[in-house]
Amino acid sequence: MTDCERLDASLDRYLAGALAESEADALEEHAAACERCAKVIDVRTRPLYELPSAIAPPPAVRSAVLLAVAARGAARAAQKLQPPTAVPTAVPTAVPTAVPTAVPTAAPALPHAITAPRSASRRWGIPVAIAASLVLAFGLFRPADKQAMMQEQLRSRESTSPLALAQSRALGEFAQLARARDEVARALAGAPAADRERLQDALRRMDAQDAGLREIVQEFAQ
Amino acid sequence: MIARVRWRVVGHKLWSCVLFPAYAALMSFVLFTPLPVHSQASSAVREIEPVHRGAPANARVALRLWIPDGTVQVRYWSRDSVDIRATLGRGARLVGNVAESGGKYAVEFDTPTAPGFARAEVVLTVPEAATLWIKSTLASVEVRGGSGQLDVLTVSGNTHVSAATGIVTVESIEGDVLLERLTGLLRVRGGGGQLTLQDVSGRTSASLVNGAIHINPLANAGSVVPSGRLETVSGGIRVRGALVRDGDLQLTTHDGAIALQFPTRHVPRVRTSAARQASLDAALRTVGGNGATGALTIDTFKGTLNISTLRGIP
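Chains as they are written, first to last, in numbering that gives the first Met the number 0: chain D, 0 to 221; chain W, 0 to 313.
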């Protein structure tokens, strides 16, 4: 196992502070020398630092997750309610074989001839009908209802909590700031000395903007 | 007979496989579909109730106003008193009061669990030098006049401040901000709303993320561009008009476009990064820049830059 693989394997425990001191030291020593591993640690730790304690989790993210879970759960429920695939094939095969043989033979056989196909269709038809109606009712309408209800609930939460509304509306602004900051940081990495001060200044300004926006959001917590 | 028998079989299948499921599904939909929350809540703002209160206050009274949704109009007068008139949405109430030196008014719901924000239309009249702090989520705020300090904080509501001479601070996450005929110190912080400055000559500081910044000239030639610093990350900046005499203005964007339009006789000195200064100087020569009225500093990471003259304004 290479050092990089060892870091990947123990990164979660390292970030959780569960690694032995000697192992943590070895990992940090390796990360200091390995650009790839330093980046892995940076990517895993940076968003944690950037998340404000009172803002997480963002409502839009929560709504997306809840909706996805609801849709998947409803799809699974609908799948479980589907009849076995052998059921539809059994009905047609039973009908043609019973009707021609029973009808020409004798009149008393007629009721039996009638009941044979009817009993076959009843045997499968009613469960199929119930299953189909349940699939239609819960598979088509319920998830839509659930989604609409959840959206309404989230909207309702945003419409009763100023902080939730502020957080939700500020998400796009934070994302845009983060994108712009990443662009400047990448440019700074390869910038000539003459441009470095200007780019560093731009980064500082963006950090200040980010902090300012967070202050505005936090005003609605009071 | 056989045809009848087959018809009965087919009819039974039709009923069991098509009509019954469709009927059952329709009934399930009708029975289990809940009413949308907003249709239950919408009645909350249908009924209205007017409220009128007044209180004596000193000339520099400090007042806080919290209104979640609706409209706020602020007017100033030369009397030592505060007057508030509110038309309240159903279930909302006006709470708080004002003493000589300060106080607070808030529009709240009777029941904290009521859906939606309490809505009201408020007209507040305060002494000329009063200090005001207005906080809102969705309400639009309109303030006219005043020489004291004004702070407006909103999420989505629009803000319009005009003819103020004091210190004005507007913070809005995505509401538009319009500032007109202001001479005091201005500070605007926000996210996605647009900031428009018209005939603003005070020292101005603005910082937005996605919001655009527009400095517009008035209809006549008396257009003024403030001094200060305006920055936006991705919104554009458009400056139309002449800088105040000896003024200095810094414009900063990340990828937002910058468009400058000056009166032909009032083109300022314009500086930008070393890499773009040569092309900027060439553009300035074409519009006849003489650097007579102030200095402009531009810094953009990758936004475009366009300079031209304002037609019809010398």
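It is worth saying that the hints were derived from the structure and are not from the lab.
Be aware that one or more of the hints could be misleading.
Stated by the list, open to error - Rough simulated footprint, nothing fancy, chain D against chain W, three-plus residues with beta-carbon under 8 Å: (1) 155 to 169; (2) 187 to 194; (3) 204 to 210; (4) 224 to 234.
By construction, the Cβ of each residue, glycine as well, lies at the ideal position given by its N, Cα and C atoms.
Hint check:
1. Counting residues of the segment 155 to 169 of chain W whose C-beta sits closer than 8 Å to any C-beta of chain D gives 1, which falls short of three, so the coverage hint is violated.
2. Check on the segment 187 to 194 of chain W: 4 of its residues sit with their Cβ under 8 Å from a Cβ of chain D, so the three-residue criterion for coverage holds.
3. Residues of the segment 204 to 210 of chain W lying with their CB closer than 8 Å to a CB of chain D number 3, which satisfies the three-residue condition for coverage.
4. Here's how the segment 224 to 234 of chain W fares: 3 of its residues keep a CB closer than 8 Å to some CB of chain D, so the rule of at least three is met and the hint holds.
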